Amino acid sequence: MADREGVVILIAEDDEGHTALITKNLKRAGLANPMITFKDGRETLDFLTYKGDGPHRVPGATYLLLLDIRMPKVDGIEVLRQLKKDEELRKLPVIIITTTDDPREVDQCYKLGCNSYITKPVDYEKFVEVIKKLGLFLLVVKVPKIYGGTDHGEEETKK
Amino acid sequence: MQNMKQGAAKPKEDTAKRKRAEEEASRMVTVVRDSNDAITIQDFEGRITAWNRGAELMYGYSEAEALQMNIGHLTTPEKQAEQKEFTRRLILGEMVTSFETQRVTKDGRILEVWLTVTKLVDGEKPIGIASTERDITKRKRAEEERERLLKSLEEKTKALEQVIERERLLKSLEEKTKALEQVIYAASHDLRSPLVNIQGFAKELEQSLKQVRSLLQSKDISPEVREKLLVPLDEDIPDAIRYIITSSYKIETLLGGLLQLSRLGRAELDIKRLNMNKLMESVIQTFEFSIKERGVKLEVGDLPPCLGDETRINQLFANLIDNALKFLDPDRPGIIKVEGEKRGEQVVYCVEDNGIGIAPEYHERVFEIFERLNPTAGAGEGLGLTIVRGIADRHNGKIWLESEPGKGSRFFVSLPAA
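Residue numbers (our numbering), protein chains in the order written: chain A, 1 to 159; chain B, 1 to 418.
Excised from the complex, chain A in its bound form (with noise of 0.2 Å):
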């Protein structure tokens, strides 16, 4: 399958078997972009900030974030309503993928802005089929780029 443009498929998932079954399916529903994962909110927002002493983004680069929302130090729901309240980091399109299906966690992320909400079956089978959608799904999505932040608040473009 072609490798399209190089969205960075970032996934903020505190479970490591969750992450691991989830870029695996990912790949074979026939996404070859590149993956970085993040173990906690705070480390997921780090990224996309430019805080901390960890890698960080791109300015001008495209990404796409797989959001889950028990995570240690830092929530998803915590790190929905950061990134909603930036003008640019905004635009990144955010996928809540979490264990729970409760109506009123749907609710509040919808509320903050999430663009879909997916449920993580504990059906393998299920599993699968979901991440394999979500998978062609991300195929064909287009993506914006995201800028600025640096503290030299120059734009640079992807190469």
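Hints were generated in silico from the structure; no laboratory data involved. Hints may be right or wrong, so weigh each one.
To be verified - Pairs of lysine to aspartate or glutamate residues, derived as EDC-like cross-links and limited to a Cα-Cα distance of at most 16 Å, are as follows:
no., chain 1, residue 1, chain 2, residue 2
1, A, 24, B, 235
2, B, 119, B, 85
3, B, 407, B, 331
4, A, 73, B, 361
5, A, 24, B, 206
6, B, 250, B, 190
This structure is a prediction, so every number in the text was calculated from the model and none was measured.
Using the hints, position chain B against chain A.
Then chain B, alone, in the frame of chain A:
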């Protein structure tokens, strides 16, 4: 001559004596007649033979009217028997002390009176009954009113206490329900997570094995095939198995923690006076190895005793010490202090550490079930502080925390004083 003189003196003395007696009698009659108390005389059939001014004022009957009446006319139907009874006793020569009774006036009002009766005698012969009556209606009514008000106040207070108790129970029920809902929500959420892995990797295992099987079926296993074999055999399968085992352990731990929590609510507490110095000693003993290994300095003050269930309180402090050890700052030697102070009906204990501290936004969250702020700091399923709060609650105590990120934390527990 002398005899005649003596004879003449006696009549003069007698006259003077008689005159004095008459004057005295006259004065007494005035006193009786004009008294504000009702003073009456009846014969043994109850016919009224004397009626003073006080009686006129009290009953409204003039002397003329009264002298035609029987005392029974002045008594209420309920008191008729009583009247006859004391008359009978008086006749028999018994003492009748003063007592309260009821009378009826001319215009039909009921009076409460204080009645004193005496037997009138002429020498040995009883000739009638004298009654002195005082109107105590006002006083009696006031007393009755007071009694009524007191009773009413008592009842109102009781009712109010019941309302307050009911409110308290409702509030307690509300809180318990909320807590329970939270537990169930968190539990189901967190339990699903590892189950996703168990299922997922079990299936992945199947896939890998399928691969191996189909590869092994080829008659000649070429070097290429062998290389292909290595991927599932050395990487995929071991990985998958690892995830499965870890996740199932995690479920075990989570469920174990949940059971502990639910037991908190159900089991009976064995409340005793606890020697807290001894209790802390035994708690610290269990952590001896950890404390030595990390070079932690432990300072325990003189702790006041409290009332509690020994096992639970032991666990409470064990969890607090465990927590302090988890949040140590790697950049400086750890110091943990335990102190206690009596404050009124409670004792407030404090477990203080100089660790990494906890940010204010987490000060309530740390007590939530499965909440782990520092997952890398070792084993644990985020139940320690939830259990601590649960135990404190059951002892009608409180737990709260003060902390500054980078400086350390202070966990306070209040328990009933011994």
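Status of the hints after comparison with the structure:
Between residue 24/A and residue 235/B, the direct Cα distance comes to roughly 13 Å. Compliance with the 16 Å bound is thereby established for this hinted pair. Only pairs whose Cα atoms come within 16 Å are accepted, and residue 119/B paired with residue 85/B is accepted, the gap being roughly 14 Å. The hinted pair formed by residue 407/B and residue 331/B meets the criterion: a straight-line CA distance of about 11 Å does not exceed 16 Å. For the hint pairing residue 73/A with residue 361/B, the CA-to-CA distance comes to about 11 Å; that is within 16 Å, so the pair holds.
Between the alpha carbons of residue 24/A and residue 206/B the distance comes to roughly 15 Å, so the proposed pair stays at or under 16 Å and holds. Restraint check for residue 250/B and residue 190/B: satisfied, since their Cα atoms lie roughly 10 Å apart, inside the 16 Å limit.
When held up to the earlier numbered hints, the structure conflicts with none and fits them all.
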